[in-house]
Structures are given as C-alpha cells and as structure tokens.
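Novice: Work out the full structure: start from the sequences and follow the hints.
With this note's numbering, you'll find the sequence shown wraps up at 45, consecutive numbering, no jumps.
Since the hints were made in silico from the structure, they are not lab data.
Check each hint, because a few of them may be wrong.
Said to hold, decoys possible - Derived Cβ-Cβ restraints for the label pairs, each shown as a range: (1) GLN6 <-> LEU41: 53 to 63 Å; (2) ALA36 <-> SER10: 50 to 60 Å; (3) ALA43 <-> ILE2: 54 to 64 Å; (4) GLU34 <-> SER10: 53 to 63 Å; (5) GLY4 <-> ALA32: 25 to 35 Å; (6) THR(-15) <-> PRO23: 52 to 62 Å; (7) THR(-15) <-> ALA7: 26 to 36 Å; (8) GLY1 <-> GLY45: 33 to 43 Å; (9) MET(-16) <-> GLY21: 51 to 61 Å; (10) GLY45 <-> PRO23: 35 to 45 Å; (11) ILE13 <-> VAL(-7): 24 to 34 Å; (12) GLN40 <-> ARG20: 26 to 36 Å; (13) GLY21 <-> VAL44: 45 to 55 Å.
Virtual Cβ for every residue (Gly too), placed ideally from N, Cα, C.
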Amino acid sequence: MTKRMLIMLVVAAVVFGGIFGFQAFKSQMIKKYMSARGVPPQTVSTITASEQAWQPQLEAVG
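Specialist: The following block contains the structure:
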C-alpha cells in the first residue's frame, strides 16, 4: 500500500514538475524573443486627393 502511494506521489511530482518547468521555459523563451525583436518600422502610406461627383441620394430598402 505505501509502495503504491510512494510511486503515485513520485509520478505526480514528475508530471507536475514537467508541466511547471515547461511553462517556465516557455515564458523565458517568449521574453527572450520579445526583447530581441526590437521596434518594427512605422508604415506610412499616402494617397493623392481627387475630386469626385457627389451622390445626392442613396437608395435603400427597409
């Protein structure tokens, strides 16, 4: 009985330790990636304004 309990506790500790260890590793890798990434360049687009005919009405149903 105690041998089974000890085996179960060891297996549970290994599983939970693996989960928490992986989460810590993942957090560390994300932090490392985000710090090395830098600021992306700003995207600026322009368009030339042009004159267009105005629609005095818009037909709709409802």
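Novice: State for each hint whether it applies.
Specialist: We went through each hint and held it up to the structure:
no., hint, result
1, GLN6 <-> LEU41: 53 to 63 Å, "holds (55 Å)"
2, ALA36 <-> SER10: 50 to 60 Å, "holds (58 Å)"
3, ALA43 <-> ILE2: 54 to 64 Å, "holds (57 Å)"
4, GLU34 <-> SER10: 53 to 63 Å, "holds (56 Å)"
5, GLY4 <-> ALA32: 25 to 35 Å, "violated (58 Å)"
6, THR(-15) <-> PRO23: 52 to 62 Å, "holds (59 Å)"
7, THR(-15) <-> ALA7: 26 to 36 Å, "holds (32 Å)"
8, GLY1 <-> GLY45: 33 to 43 Å, "violated (59 Å)"
9, MET(-16) <-> GLY21: 51 to 61 Å, "holds (59 Å)"
10, GLY45 <-> PRO23: 35 to 45 Å, "holds (43 Å)"
11, ILE13 <-> VAL(-7): 24 to 34 Å, "holds (30 Å)"
12, GLN40 <-> ARG20: 26 to 36 Å, "violated (51 Å)"
13, GLY21 <-> VAL44: 45 to 55 Å, "holds (52 Å)"
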